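Can you make the complete structure from the sequences, with help from the hints?
If you read the sequence shown in our numbering, its first letter stands for residue 4, the second for the next number, and so on.
Don't read these hints as lab results, they were simulated from the structure.
It cannot be assumed that every hint is accurate.
Derived Cβ-Cβ restraints for the label pairs, each shown as a range [to be verified]:
1. PHE19 <-> ASP60: 27 to 37 Å
2. SER50 <-> ALA22: 10 to 20 Å
3. ASP60 <-> MET17: 35 to 45 Å
4. ALA36 <-> SER16: 29 to 39 Å
5. MET17 <-> ARG41: 29 to 39 Å
6. MET17 <-> GLY61: 13 to 23 Å
7. GLY43 <-> VAL14: 12 to 22 Å
8. GLN32 <-> TRP54: 32 to 42 Å
9. MET17 <-> ARG66: 28 to 38 Å
10. ALA38 <-> ARG15: 26 to 36 Å
11. VAL7 <-> THR47: 11 to 21 Å
12. ARG18 <-> ASP48: 34 to 44 Å
13. PRO62 <-> ARG18: 26 to 36 Å
Source: prediction; values computed, not measured.
Cβ coordinates follow ideal geometry from the N, Cα and C atoms, glycine included.
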Amino acid sequence: MPLVSVTRLRVRSMRFLPAFLWDTYRTLQQVKAAAGFREGAVLTDRSWTFWTMTVWDGPESMRGCMSTGAHKEAM
Numbered sequence: 004m005p006l007v008s009v010t011r012l013r014v015r016s017m018r019f020l021p022a023f024l025w026d027t028y029r030t031l032q033q034v035k036a037a038a039g040f041r042e043g044a045v046l047t048d049r050s051w052t053f054w055t056m057t058v059w060d061g062p063e064s065m066r067g068c069m070s071t072g073a074h075k076e077a078m
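This is the structure in structure tokens:
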């Protein structure tokens with residue numbers, strides 16, 4: 004059964020934005036290549052708030068990606 008993950012992060016200060024954008028770029032590359040990834044989007048909101056939505060084949064696929072590589076380093 005597919006799994007949808009929705010996350011929200013607010014960048015507290017402009018000084019954190021470059022690192023956040025770099026980590027986001029690296030993580031997007033990892034997610035796109037991950038086994039079990041179906042679809043995804045990154046959305047911006049006001050006050051430097053960012054939302055992500057990803058669709059996976061199942062929880063195992065999501066956990067496998069989440070706990071390795073660029074995503075793990077960013078967390």
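The hints, checked one at a time:
| no. | hint | result |
| --- | --- | --- |
| 1 | PHE19 <-> ASP60: 27 to 37 Å | 32 Å, holds |
| 2 | SER50 <-> ALA22: 10 to 20 Å | 18 Å, holds |
| 3 | ASP60 <-> MET17: 35 to 45 Å | 37 Å, holds |
| 4 | ALA36 <-> SER16: 29 to 39 Å | 31 Å, holds |
| 5 | MET17 <-> ARG41: 29 to 39 Å | 34 Å, holds |
| 6 | MET17 <-> GLY61: 13 to 23 Å | 38 Å, violated |
| 7 | GLY43 <-> VAL14: 12 to 22 Å | 19 Å, holds |
| 8 | GLN32 <-> TRP54: 32 to 42 Å | 19 Å, violated |
| 9 | MET17 <-> ARG66: 28 to 38 Å | 32 Å, holds |
| 10 | ALA38 <-> ARG15: 26 to 36 Å | 34 Å, holds |
| 11 | VAL7 <-> THR47: 11 to 21 Å | 19 Å, holds |
| 12 | ARG18 <-> ASP48: 34 to 44 Å | 20 Å, violated |
| 13 | PRO62 <-> ARG18: 26 to 36 Å | 35 Å, holds |
Violated hints for the displayed structure, listed by number in ascending order: 6, 8 and 12.
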